[in-house]
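Enquirer: When the letters of the sequence shown are read in order and numbered with our numbering, they come out as residues 1 to 122.
Simulated from the structure, these hints should not be mistaken for lab results. Hints may contain errors.
Simulated restraints on C-beta separations [what the hints assert, rightly or not]:
id	residue 1	residue 2	range
1	V10	P92	33 to 39 angstroms
2	D87	P118	44 to 50 angstroms
3	G113	R43	23 to 29 angstroms
4	R17	L78	33 to 39 angstroms
5	C121	Q95	18 to 24 angstroms
6	G112	T40	19 to 25 angstroms
7	P23	G113	38 to 44 angstroms
Listed below are the simulated EDC-like cross-link pairs for lysine to aspartate or glutamate, each with C-alpha atoms no more than 20 angstroms apart in a straight line [what the hints assert, rightly or not]:
id	residue 1	residue 2
8	K102	D87
9	K102	E72
10	K102	E117
Glycine residues also receive a C-beta, built at the ideal position from the N, C-alpha and C atoms.
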Amino acid sequence: EDVSVALPLVDDPEPQRVFAFLPVRSVGFRFAVQAPFHLTASRADMHRSPENLRRRNAIVPAFIGACRSRPELASRALQFLGTEPADSFWLPVRQRIVEELKGLACVGTEGGGPAVEPGQCL
Numbered sequence: 001e002d003v004s005v006a007l008p009l010v011d012d013p014e015p016q017r018v019f020a021f022l023p024v025r026s027v028g029f030r031f032a033v034q035a036p037f038h039l040t041a042s043r044a045d046m047h048r049s050p051e052n053l054r055r056r057n058a059i060v061p062a063f064i065g066a067c068r069s070r071p072e073l074a075s076r077a078l079q080f081l082g083t084e085p086a087d088s089f090w091l092p093v094r095q096r097i098v099e100e101l102k103g104l105a106c107v108g109t110e111g112g113g114p115a116v117e118p119g120q121c122l
């Protein structure tokens with residue numbers, strides 16, 4: 001796929017930008033996204049094209065794949081989501097990641113044991 005995510009391995013990640021080879025803008029996530037988005041002439045925003053929608057939707061499997069491959073990332077997944085995006089174009093990404101996290105061992109347990117799925121916590 002032509003979409004990549006970068007999840008920073010720092011204690012308190014700052015909001016990151018969306019990139020289309022060069023930085024475009026921050027959308028509220030605390031992980032960076034790189035994809036060949038179609039941009040407006042000013043490079044300040046993206047067109048709402050079908051191709052950009054496909055690339056936007058490909059962020060979710062890229063993020064979940066990163067969390068599945070590195071358990072230390074999964075346990076911080078909600079932290080990487082940051083605040084709810086102000087731009088409604090990005091809201092489905094956040095919502096779908098939260099849904100996907102329900103089936104992922106991403107909640108730490110007492111005593112430093114292995115992370116478990118959210119439904120196993122109650």
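Enquirer: Hints first: check each against the structure and report whether it holds.
Expert: Structure-based check of each hint:
no.	hint	verdict
1	V10 with P92: 33 to 39 angstroms	violated, 27 angstroms
2	D87 with P118: 44 to 50 angstroms	violated, 27 angstroms
3	G113 with R43: 23 to 29 angstroms	violated, 47 angstroms
4	R17 with L78: 33 to 39 angstroms	violated, 20 angstroms
5	C121 with Q95: 18 to 24 angstroms	holds, 21 angstroms
6	G112 with T40: 19 to 25 angstroms	violated, 47 angstroms
7	P23 with G113: 38 to 44 angstroms	holds, 39 angstroms
8	K102 with D87	violated, 24 angstroms
9	K102 with E72	holds, 16 angstroms
10	K102 with E117	holds, 6 angstroms
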